[in-house]
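**Student:** Letter by letter, the chains look like this.
Number of protein chains: 2
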Amino acid sequence: MTETTQIILARRPQGDVTPDCFRLERRALPAPAEGQIVARTLYLSLDPYMRPRMTELHSYTPPFELDRPLTAGSVAEIVESRNPKFAIGDVVVGMLDWATHTLHDGRGLRKIDRAAAPLPAHLGILGMPGYTAYHGMLRMGQPKAGETVFVSAATGAVGQVAGQLAKLKGARVVGCAGDDAKCAYATAELGYDACFNHRRETDYGAVLDRLCPGGIDVDFENVGGAIFHAVFARMKDFGRMVMCGAISEYQDRTPRPGPDKMFTIVQRRLRIEGFIISDHIAGMGEFVAEVGSLLKAGKIRNRETIVDGLDRAPAAFIGLLKGENFGKLLVRVS
Amino acid sequence: MTETTQIILARRPQGDVTPDCFRLERRALPAPAEGQIVARTLYLSLDPYMRPRMTELHSYTPPFELDRPLTAGSVAEIVESRNPKFAIGDVVVGMLDWATHTLHDGRGLRKIDRAAAPLPAHLGILGMPGYTAYHGMLRMGQPKAGETVFVSAATGAVGQVAGQLAKLKGARVVGCAGDDAKCAYATAELGYDACFNHRRETDYGAVLDRLCPGGIDVDFENVGGAIFHAVFARMKDFGRMVMCGAISEYQDRTPRPGPDKMFTIVQRRLRIEGFIISDHIAGMGEFVAEVGSLLKAGKIRNRETIVDGLDRAPAAFIGLLKGENFGKLLVRVS
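Quick mapping for you: the protein sequence lines, in order, are chains A and B. Counting from 11, one number per residue, gives the positions in the first sequence under our numbering. Counting from 11, one number per residue, gives the positions in the second sequence under our numbering.
There may be inaccurate statements among the hints.
You can't tell identical chains apart in this list, so a pair holds if it fits in one copy or across any two.
[As the list claims (entries may be wrong)] Under the rule of at most 27 Å between Cα atoms (straight-line distance), these lysine-lysine pairs were calculated in the BS3-like manner:
id: 1; residue 1: Lys121; residue 2: Lys306
id: 2; residue 1: Lys177; residue 2: Lys306
id: 3; residue 1: Lys271; residue 2: Lys306
id: 4; residue 1: Lys246; residue 2: Lys177
The hints are simulated quantities; they were obtained by calculation from the structure and are not laboratory data. Owing to the predicted nature of the structure, the values given are computational and were not obtained by experimental measurement.
Let the hints inform the model, and build the full structure from the sequences given.
**Tutor:** Below, the structure written as structure tokens:
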């Protein structure tokens, strides 16, 4: 019998997520039935999309259930198995509980090679965030050499990859991030042509006019709100707005109105398109091959913040929603 | 020497277009130089897109020039020619002045066969409005059998064709129009499954919930404003919003905010895309062949309002912006 420690959704947040939305519980897992495994989580991924899942009852993914563990993309080791596809000692990636151990039927878990890349990479640059950046920027945004690309949350798990992929296509890439250190990292290490601190700047229109004087061809949207509105007004003819997230709006108690003058979409022939990466799993192999090679060749960089201990996951997630992480945020569970 | 009567842009409107924005002038046209023709306008098309061109100085098309004649899609007869491509008596379609006669270099004018269709059809169902509907609905919206399609301005020059093309694809088609007679026409003659009067209804969300209980797959947007916002909130997963126009917003003195909660675009993986038909002229032949056959076979209907006399064009245009026309609005000039 295996003991597990779980983080339970204790109540749904209204507005900002607070520590009392979570509850830590220890319990004994039942022995695996035929077909089941027990996975011991090594790393757990914290991502902004989890915030809507805490409250949105009619969203694209089922909401987290009240009084049940939240789930997260995780790297885990199989410690018990009654499933012929998994042997004890196998390392897998997939959706597991916010927990030290998860009892699971194995569906959706994918075995990974420990030697292929550092384990956290499978939750970041070679995992869902990296694939989100790849699919959104290259397949949807399709930046061309000489075009101007804007990436909000420029150094986040998704933004850092999106920005670098656009640079590799020869675009001019401008971003924003939440502090000066992130902005310095974006330009010095990630190759952004410019990056502004959205907490220091107040007039986003003016700063965009200065940094993107000819307008914007591709917007990779992670943030929403005032920055998105300012970008919308500065899109060039035939511009593409790739709608990936809107972290600044996730904790709104009442929904915010969209940007002024939607007729701009007609005048400038804009394409504004949303996506969710889980719809595109079939095309993930291409991404792993391409970005894996870039990573091995040292042509793309990857920054992570790793927090130690499952019990610190709630506070780390609350910090993520405030932009306190730097790069991909992970929890080392064991 | 030819006398012409022209409608001149006397001042740019602020808010609603008023009669004093126009001025009627009579003048003598210079004799055509080498390569020029004089075209006598038979029919002139009035279209909502002209309103932004009266004021928008940084729009996709150059604005109308102050103290110069406005221009319009027109059917005209060549009455003088020093251009080898055009003979006296040829009938052409293209952009000409709001005038009885236009001196022109012939570029962009296309000869038409008088016998092929009634002349006004070249400015409506077989012209730019029809092609706008065809390109927007079939190539961009791509409605499938069983899907729910919404068309605002359901009986307008563009909407009436868009709605019928969606019906021919087997979609369920719901529209809105500005009076009960138009709504009755939409359902009885154009085949709409339902049509509501947007001047009688006040709660657009409630009426859409009733008429499109499962949500909307394709929105063909002509109107903007509150109706667009209500439709946006009811789009289904993978829905397409084809942004053609926003007539309800053209006379705004200050721009209006967009719909609430733009994150909906991500959650439902929406594609919102604007277009201007003049970007797609190369693909017009396919449309003329296909919709021309439908028209000949009696499979598609076409409603026009024809106003007599160039001097009535300004009042007719002001009425168009208030939704007073029924179907395609034209002026018979001579």
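**Student:** Okay, which hints does this one fail, numbers in order?
**Tutor:** 3
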